[in-house]
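There are 2 protein chains.
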Amino acid sequence: MSDTDRELRVSKIRNGTVIDHLAAGQALNVLALLGIDGSGGESVSVGMNVPSDKLAKKDIVKVEDRELSQSEVDVLAVISPEATINIVREYEVIEKERIDRPESVAGVLACPNRNCITNDEEPVETHFVVLDDGLQCEYCGEIVREDEVATHLDVS
Amino acid sequence: MSDTDRELRVSKIRNGTVIDHLAAGQALNVLALLGIDGSGGESVSVGMNVPSDKLAKKDIVKVEDRELSQSEVDVLAVISPEATINIVREYEVIEKERIDRPESVAGVLACPNRNCITNDEEPVETHFVVLDDGLQCEYCGEIVREDEVATHLDVS
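Chains as they are written, first to last, in our numbering: chain A, 1 to 156; chain B, 1 to 156.
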């Protein structure tokens, strides 16, 4: 067996999205971001704390037949700025998406302030301004610290 | 690329445990059972809804440098009776563990009845008798349905 085979990794997918160079430990948060828990039948491969040249250790998520929305990419850029997104068709990478730290994030996240208008029954989408180390709700000013983002994913 | 390479799978591990033939959709529940969320630095590979000969689709979890306790195996046998456990040393399977549906499960699960003595501050380990389609607390008689087991994992 070659050294490459011996590396802990997940194999190629036919069509879908490869989210690579995730900060180690973020894979399950990314699955939550994508609303994937396995019950929907999506074919998904996940590597957690995989040895990496670029990072000491990384996570990787490969999802068949799925692409990310802009809002999902925006949140990904906040929780794991080093991540790369590759779109795969017939086993080949046809597109590499840059992920840039966004200026704001619409939807995807819920505001932790229960009294925020976005938590009323009103059909108001959340909007957060991206700060250096977190996100601020545009409606009520509540701050979500960067390391808390994953716990405020709006998976409903 | 061979057909084998094209299959969605996770590659070999050097030392650790391979939990294979998991019921599709159970991989994240198994990670919760093992107390793994990625933050502990464990190298883990996960395949969800992978094509399988034995089952239509299956999940698979490979954990480096980790074996399962008997209580963990017992709960696994309840949430995914078809699962197989392989212990790996230097890339070779050195032991295949049978998993039998246990008669009872000690620890690992929390009783959903808040008034159960096991939820007091007392140092009382939970004990559940395994029924045909669920588990029954030996202390208070509360039933945990089989499809609810994963939500009552005691990860504290």
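For the record, the hints were derived by calculation from the structure and aren't laboratory data. This one's a predicted model, so the numbers in the text were calculated from it and none came from an experiment. Heads up, some of the hints might be wrong.
To be verified - Not the full set, but computed from the structure, chain B residues with beta-carbon under 8 Å of chain A: (1) Ser11; (2) Ala24; (3) Gly35; (4) Ser45; (5) Asn49; (6) Ile117; (7) Asp120; (8) Pro123; (9) Val124; (10) Leu131.
What the hints assert, rightly or not - Here are some chain B residues the structure puts well away from chain A; computed CB gaps all over 12 Å: (11) Gly41; (12) Ser43; (13) Val50; (14) Lys57; (15) Asn113; (16) Cys116; (17) Ile143; (18) Arg145.
For glycine and all other residues, C-beta sits at the position ideal for the given N, C-alpha and C.
Against the structure, the hints come out as follows:
1. Ser11: 5 Å, holds
2. Ala24: Holds. Min distance 7 Å.
3. Gly35: This interface hint is violated because 13 Å lies over the 8 Å limit.
4. Ser45: Hint on Ser45/B: holds, closest Cβ of chain A at ~5 Å, below 8 Å.
5. Asn49: 5 Å, holds
6. Ile117: The hint is violated - Ile117/B has no Cβ within 8 Å of chain A, the shortest such distance being about 31 Å.
7. Asp120: The hint is violated - Asp120/B has no Cβ within 8 Å of chain A, the shortest such distance being about 28 Å.
8. Pro123: 30 Å, violated
9. Val124: Violated, about 30 Å.
10. Leu131: 24 Å, violated
11. Gly41: Incorrect as stated: the minimum Cβ-Cβ distance to chain A is 5 Å, not above 12 Å.
12. Ser43: Since the minimum Cβ distance to chain A is about 5 Å, Ser43/B lies within 12 Å and the statement is violated.
13. Val50: Not fine: 7 Å to the nearest Cβ puts Val50/B too close to chain A.
14. Lys57: It is violated; Lys57/B is separated from chain A by about 7 Å at its closest Cβ, not greater than 12 Å.
15. Asn113: 26 Å, holds
16. Cys116: 28 Å, holds
17. Ile143: 22 Å, holds
18. Arg145: At about 16 Å from chain A, Arg145/B clears the 12 Å cut-off, so the statement holds.
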